[in-house]
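**Student:** The listed protein sequences derive, respectively, from chains A and B. Residues in the first sequence are numbered from 1 upward in steps of one, following our numbering. Residues in the second sequence are numbered from 1001 upward in steps of one, following our numbering.
To be clear, the hints were calculated from the coordinates, so they are not data collected in a lab. Only true hints are included.
Now the stretches of chain A that chain B is said to cover, found in silico as 3 or more residues with beta-carbon under 8 angstroms:
1. 10–16
2. 30–41
3. 54–62
4. 67–75
Please read all numbers here as calculations on a predicted model, not as lab measurements. No residue lacks a Cβ here, since even glycine has one placed at the ideal position from N, Cα and C.
Take a look at the letters that make up each chain.
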Amino acid sequence: MKCKTIIVELANYLDEDLDPGLRAEIEQHLDKCKDCRLIVDTTKKTIQIYCNSEPAPLPENTRQRLHEALQKRLRRARN
Amino acid sequence: MSSPKMDPIKASPLPSQVVKEDEPLLVASAKAGEIPAFETLVNRYESKIYRLTLNITQNREDAEDAMQEAFLKAFEHLDEFEGNSRFYTWLVRIAVNQALMKLRKRRPNVVSLDEQVDTGEDLVQRDVQDWGPSPEDRYKQTELNSILSSAVAELDPAFRIVFQLRDIEELSTEETAEALDLSVPAVKSRLLRARLKLRQKLDRYFRRSENS
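Please model the entire structure based on the sequences and the hints provided.
**Tutor:** This is the structure in structure tokens:
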């Protein structure tokens, strides 16, 4: 297996969306290729860092305008 | 060198895949006209929906408008939500449409989600370095947030939006494809490229220096 195949299959590998045979081949390659191992590891960390990031709280004035607009619309719906 | 075997990233349910127990009840109550139930849903998702619309539009005013319109449309069309998907996924789809309309209005020639893209093997530099176990801990929260959002902002919209839905909002590949009217292979190819581009952008902040 070539390093290029690792890159092409990287997203499927990280998402566990590969058949077991191809997955085993990739893991054999990763055992031997330090660069590919680092690319897989740092890509995985990239996803985890974003995945774990919390959204900043909504700015208070933005939140207030949202709830005012909703109140107006909801009041109309009630009448 | 640590073991090359990679732990599966998504072995356990992701936070947004765990539907809060009260959600079907809240949606049913909101459908029946109980306004506090809808307000609870708004409070639950407003920060996430604002982050989504801001990341897509890259403009605070457009993001706020898109968020407001998304919640108003969700309320108006609540009867059409059949409960086949999570309420949040349905809401995200509405918010994505609103945000894309804003983005296309501002940048009509830039945004095409369905153009062909290459697979991304050109995106890996030769000089690959370890990041260490928790590279994000080297930065204060505000610095980290700034690094993460500016890296995402530099992506082309077609990649940024797929990454946003798939890896930040944690929609499945199929849900992302449905939300953006793309095929599953198109989502996968954009996701691969987005992940590799972001890895490369973050590398300059997270790679271990020679003496660390």
